[in-house]
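Number of protein chains: 4
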Amino acid sequence: MENESCFAVIGGDMRSAYLAGSLAADGFTVYSAGLENAGYCGDSVIMTDVFTAIRMSAIIIFPLPVVRVATFLNAPFSMKSVSLDERMLEALQGKRIFAGMSEGLKRISRGWEILPVIDYYKVEEFQILNALATAEGALALALIGAPYVLNGSKCLVSGYGRIGKMIASKLKALGAEVYVAARKSTDLAWIETMGYAPIRFEELKSVIRNIDIVFNTVPKLVINEGLIAQMKRSSMLIDLASYPGGIDLRAAEKYGIRTEFAPGLPGKYSPFSSALIIKDTVRSILREAQK
Amino acid sequence: MENESCFAVIGGDMRSAYLAGSLAADGFTVYSAGLENAGYCGDSVIMTDVFTAIRMSAIIIFPLPVVRVATFLNAPFSMKSVSLDERMLEALQGKRIFAGMSEGLKRISRGWEILPVIDYYKVEEFQILNALATAEGALALALIGAPYVLNGSKCLVSGYGRIGKMIASKLKALGAEVYVAARKSTDLAWIETMGYAPIRFEELKSVIRNIDIVFNTVPKLVINEGLIAQMKRSSMLIDLASYPGGIDLRAAEKYGIRTEFAPGLPGKYSPFSSALIIKDTVRSILREAQK
Amino acid sequence: MENESCFAVIGGDMRSAYLAGSLAADGFTVYSAGLENAGYCGDSVIMTDVFTAIRMSAIIIFPLPVVRVATFLNAPFSMKSVSLDERMLEALQGKRIFAGMSEGLKRISRGWEILPVIDYYKVEEFQILNALATAEGALALALIGAPYVLNGSKCLVSGYGRIGKMIASKLKALGAEVYVAARKSTDLAWIETMGYAPIRFEELKSVIRNIDIVFNTVPKLVINEGLIAQMKRSSMLIDLASYPGGIDLRAAEKYGIRTEFAPGLPGKYSPFSSALIIKDTVRSILREAQK
Amino acid sequence: MENESCFAVIGGDMRSAYLAGSLAADGFTVYSAGLENAGYCGDSVIMTDVFTAIRMSAIIIFPLPVVRVATFLNAPFSMKSVSLDERMLEALQGKRIFAGMSEGLKRISRGWEILPVIDYYKVEEFQILNALATAEGALALALIGAPYVLNGSKCLVSGYGRIGKMIASKLKALGAEVYVAARKSTDLAWIETMGYAPIRFEELKSVIRNIDIVFNTVPKLVINEGLIAQMKRSSMLIDLASYPGGIDLRAAEKYGIRTEFAPGLPGKYSPFSSALIIKDTVRSILREAQK
Chain A
1 MENESCFAVI
11 GGDMRSAYLA
21 GSLAADGFTV
31 YSAGLENAGY
41 CGDSVIMTDV
51 FTAIRMSAII
61 IFPLPVVRVA
71 TFLNAPFSMK
81 SVSLDERMLE
91 ALQGKRIFAG
101 MSEGLKRISR
111 GWEILPVIDY
121 YKVEEFQILN
131 ALATAEGALA
141 LALIGAPYVL
151 NGSKCLVSGY
161 GRIGKMIASK
171 LKALGAEVYV
181 AARKSTDLAW
191 IETMGYAPIR
201 FEELKSVIRN
211 IDIVFNTVPK
221 LVINEGLIAQ
231 MKRSSMLIDL
241 ASYPGGIDLR
251 AAEKYGIRTE
261 FAPGLPGKYS
271 PFSSALIIKD
281 TVRSILREAQ
291 K
Chain B
292 MENESCFAVI
302 GGDMRSAYLA
312 GSLAADGFTV
322 YSAGLENAGY
332 CGDSVIMTDV
342 FTAIRMSAII
352 IFPLPVVRVA
362 TFLNAPFSMK
372 SVSLDERMLE
382 ALQGKRIFAG
392 MSEGLKRISR
402 GWEILPVIDY
412 YKVEEFQILN
422 ALATAEGALA
432 LALIGAPYVL
442 NGSKCLVSGY
452 GRIGKMIASK
462 LKALGAEVYV
472 AARKSTDLAW
482 IETMGYAPIR
492 FEELKSVIRN
502 IDIVFNTVPK
512 LVINEGLIAQ
522 MKRSSMLIDL
532 ASYPGGIDLR
542 AAEKYGIRTE
552 FAPGLPGKYS
562 PFSSALIIKD
572 TVRSILREAQ
582 K
Chain C
583 MENESCFAVI
593 GGDMRSAYLA
603 GSLAADGFTV
613 YSAGLENAGY
623 CGDSVIMTDV
633 FTAIRMSAII
643 IFPLPVVRVA
653 TFLNAPFSMK
663 SVSLDERMLE
673 ALQGKRIFAG
683 MSEGLKRISR
693 GWEILPVIDY
703 YKVEEFQILN
713 ALATAEGALA
723 LALIGAPYVL
733 NGSKCLVSGY
743 GRIGKMIASK
753 LKALGAEVYV
763 AARKSTDLAW
773 IETMGYAPIR
783 FEELKSVIRN
793 IDIVFNTVPK
803 LVINEGLIAQ
813 MKRSSMLIDL
823 ASYPGGIDLR
833 AAEKYGIRTE
843 FAPGLPGKYS
853 PFSSALIIKD
863 TVRSILREAQ
873 K
Chain D
874 MENESCFAVI
884 GGDMRSAYLA
894 GSLAADGFTV
904 YSAGLENAGY
914 CGDSVIMTDV
924 FTAIRMSAII
934 IFPLPVVRVA
944 TFLNAPFSMK
954 SVSLDERMLE
964 ALQGKRIFAG
974 MSEGLKRISR
984 GWEILPVIDY
994 YKVEEFQILN
1004 ALATAEGALA
1014 LALIGAPYVL
1024 NGSKCLVSGY
1034 GRIGKMIASK
1044 LKALGAEVYV
1054 AARKSTDLAW
1064 IETMGYAPIR
1074 FEELKSVIRN
1084 IDIVFNTVPK
1094 LVINEGLIAQ
1104 MKRSSMLIDL
1114 ASYPGGIDLR
1124 AAEKYGIRTE
1134 FAPGLPGKYS
1144 PFSSALIIKD
1154 TVRSILREAQ
1164 K
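Residue numbers (my numbering), protein chains in the order written: chain A, 1 to 291; chain B, 292 to 582; chain C, 583 to 873; chain D, 874 to 1164.
Don't read these hints as lab results, they were simulated from the structure. Among the clues, some could well be false.
Pairs of lysine to any residue, SDA-like flavour, derived with a Cα cap of 25 Å [said to hold, decoys possible]: (1) C:K836 to D:N1097; (2) C:K704 to D:P1020; (3) C:K766 to A:I118; (4) C:K836 to D:G912; (5) D:K979 to D:P1092; (6) C:K766 to A:A197; (7) D:K1027 to A:A197; (8) A:K80 to A:E124; (9) D:K1057 to B:K511; (10) B:K523 to C:K836.
Simulated DEER-style distance windows between Cβ atoms [stated by the list, open to error]: (11) C:G808 to D:G967: 50 to 56 Å; (12) B:K545 to C:N792: 37 to 43 Å; (13) C:P801 to D:Y1128: 33 to 39 Å; (14) C:R869 to B:D334: 43 to 49 Å; (15) A:G27 to C:S788: 30 to 36 Å; (16) B:L380 to D:N1097: 53 to 59 Å; (17) A:P76 to C:E706: 44 to 50 Å; (18) C:N792 to B:G517: 46 to 52 Å; (19) C:S788 to A:K106: 41 to 47 Å; (20) B:G547 to A:G27: 21 to 27 Å; (21) C:F783 to D:E1126: 37 to 43 Å; (22) A:T186 to B:K511: 53 to 59 Å.
Chain A is nowhere near these chain B residues, computed Cβ spacing over 12 Å in every case [claimed, not checked]: (23) C297; (24) L512; (25) Q581.
Ideal Cβ positions, reconstructed from N, Cα and C, are used throughout, including at glycine.
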């Protein structure tokens, strides 16, 4: 009963560290493990080893992504690697388990496949708020990486999903001239309505030579060598799409165009806000379950 | 006659490198010196030594600031230090000389004091466009340095001059809740009109505990220990004022609050745009002189 | 063959007048009818009677909405009423027919029900661009109707569909404090991300007393007497939802609160842009059909 | 002593009516006169005749502008005209008198010239907040008067003073493409920095043919027949400058271009906010005087 309100936060980057601290500040008992080098996580977080943390807690929160390589936990702040093996699997029986990108676990073994894991990364509210942090991070990359001011520059956003929408809106707010490439004609109508220049992907070749910065969000090769060959030397390419991305990095290198392949911006530049999003998502799922 | 359109760009950071390249692209003959390690500056820029560059050119552009320490030219991309000595003074006789923050030269000797140097940094148009680059750089520092998203955060801009105005406007555009501290009541009326919360400096103590990020632009101690002591641990202080700044850095360290002392942002993050501003200012002065 | 490029624009408000003029300016032969009092529609539009216009043309464009009352064409600028009777039905056989809100026609008789009519109002791109004109019109109503400035006022947008999204964005751009009421939790996440205050409908009663202006877009009674009773006397209610609207108008009157029931804003305040939207939609459908 | 906190609000438009109501709501004793047809002004305002109101009060607030024609008070909501004659002058001796555009009074007679009148219209804070109301009103005129959407339209703001600045910012926020004409090169630098297209007045002739809506704020003939002759028939001219304005209205009529000569927008569309600005200005002056 008592440990119904006990959380274990296991592994992860600064988001996990802030998550542990924030849950503790809300009054929960929080055990952290695999975060030894993250520094101070907040008052009253109990630092311990992975198995103690799991044993003492009813709710286990794994990081995003949960698996880094092969069968190892994603734990950059841990002094030793944590194996997602049979012993771990056993320890987790009967617990409520949360993890980000849990498909990584399913691939390990049959045991993991049948373990009930709730993937907070798949929750749409999480994705929306995460997109905001990604858009802000992308903005920072452009502000720092391009040797000119954003105000008045010509920016192309490729893709008009969650992240594309937010980047376009922020770029315009900072005074850039915004082009958005999309496929659906309803998206193109929205794009026009928002005051951006709507571009079909097949028309990209006619505008690309004027573009200063490209923000790609499409996880498919859309910014190919043919386009890159026509770009200005001073231009910049930022790829925000998940693996394998949508920019031909080799071609960019060949033509001497600066590129940033930038997955994981929320964890890097907004770990505190990201921790709150994870916390809110997990707590809202727990609340729903109690009804 | 011919060398009327010859420019020498001497020393400086990436702004000088881009400046040389841009003047050359405009069709002028450009000699660069003291920029050996800046890399490629643009087609047809002639790299040479300082004295050759000066001898061959009618117009000499020194960097911003022109003096780094004592009597040495500011030349971070040069392999050897360049002394602003009598020999240099002699070489410059009869040339049109531009420099940024030329008061540094005047302090060297009587000869420099009477040399006619035009300070492009003092031109108001330059300052306005430079303030834009500073505001964008400050935004980047906040986006990267604060572990939360700017959207929805509470930001205080201290001072409502050129830089303060631009930062406030950009922060609001990115969804922050913006407070602006100013002294003049007409400034406070403008601040209200722009949708920011107007604050008198003496009222800062009543709001400071809610502030997430402070952007100071006032070159006088306004963010003192008394205020810093009340700030949140997770807050961030960014000082954009010129020396000696307006934030008590020691107090910030004492209370564990993250601080960025950030002069020179335009040269750091927007050297290309900054080079264009210098070029436009210099060319507009030359044009005026011809009338 | 020749009359493949002949258009008849029949009835309607200023949108139809501008539509006729714009098609003529594009080089098409255009017959207009039922627009006698609309004034000058553009060079080379041929004004004639309804049956001549239909006979001479391959493509017939009826207005939005096509039916005003019972079986009469919506033709406010016509000197006489035009009946949508059997004779009209016969004249239309074999023509390509476009109309807005064509469900009105279907209700007239079996003949109209089976006549192939393309409803441009149902095309999503049309709806998106129409929503923009609606949002601008709503803004104008608030700017003129409320005796205070929008800047700093507290505005509630009820509903987060196309129109709600655009109004919220424009209100925020003008400095209002924006609250958005929605049902779906993903909408609420977007709302937060855009910098508006997200409100569930059931929470409206706790914020309504602070609201200055309500923009309703939900076609269902959401702003009921219970809510209206708590509103400030100086507040204003604008209902943009289609019939029957979502604001209890009687209650508003009882409590002396200013109300605007405002359908049809695009035709009223942006007839020229609306005409272009209709034209683009019709022409894009014709182009698709030719492939 | 007691009547130190008694105010008389005499004549004026809805601003005066709201001003009376707002002062009463603050707890002051308020007599109103010359506002008989304004309707309900707020609880506990005492409606009386002009001379009673003045006699009972220590502080007299006249409207903006105070004089309408010749020697008559500006009192559109009064049933009879109020003469600013010797009897009135006598009644005002020893009172604290506030009025807007008091130069109208000075012209009446020597007695008025030496009467100490504080002109709240000359206070810069008042002007700034009044400019906001003017800018919002101008926006409403454009939204309603031009038959197209503002989003994407090309708008020219002539003059970059208080009102010009605010209109430009609001137009851009609503998605217009903004051109600003100014004379000073520092203004032009600011304009560029804000993301508008900077135009010198002498360059107007090269852009005017593309402009959809002109907002003039310069009280001098800048939009002359030569320019108007080149404008599109569908364009619109809005003159916000005080008398004699800056648009050649006759030429506009000649070329069939829609024009709005629109002084006094704050009183027309934002009387409540304008009343608060007058109240705040008057009270702040009274507070200063007490120190």
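Status of each hint after checking the structure:
no. : hint                          : in the structure
1   : C:K836 to D:N1097             : violated, 52 Å
2   : C:K704 to D:P1020             : holds, 23 Å
3   : C:K766 to A:I118              : holds, 21 Å
4   : C:K836 to D:G912              : holds, 18 Å
5   : D:K979 to D:P1092             : holds, 22 Å
6   : C:K766 to A:A197              : violated, 30 Å
7   : D:K1027 to A:A197             : holds, 15 Å
8   : A:K80 to A:E124               : violated, 33 Å
9   : D:K1057 to B:K511             : violated, 30 Å
10  : B:K523 to C:K836              : violated, 49 Å
11  : C:G808 to D:G967: 50 to 56 Å  : holds, 53 Å
12  : B:K545 to C:N792: 37 to 43 Å  : holds, 41 Å
13  : C:P801 to D:Y1128: 33 to 39 Å : violated, 44 Å
14  : C:R869 to B:D334: 43 to 49 Å  : holds, 46 Å
15  : A:G27 to C:S788: 30 to 36 Å   : violated, 25 Å
16  : B:L380 to D:N1097: 53 to 59 Å : holds, 54 Å
17  : A:P76 to C:E706: 44 to 50 Å   : holds, 45 Å
18  : C:N792 to B:G517: 46 to 52 Å  : violated, 34 Å
19  : C:S788 to A:K106: 41 to 47 Å  : holds, 44 Å
20  : B:G547 to A:G27: 21 to 27 Å   : holds, 24 Å
21  : C:F783 to D:E1126: 37 to 43 Å : violated, 51 Å
22  : A:T186 to B:K511: 53 to 59 Å  : holds, 54 Å
23  : C297                          : holds, 25 Å
24  : L512                          : holds, 29 Å
25  : Q581                          : holds, 28 Å
Hints 1, 6, 8, 9, 10, 13, 15, 18 and 21 from the earlier list are contradicted by this structure; the remaining hints agree with it.
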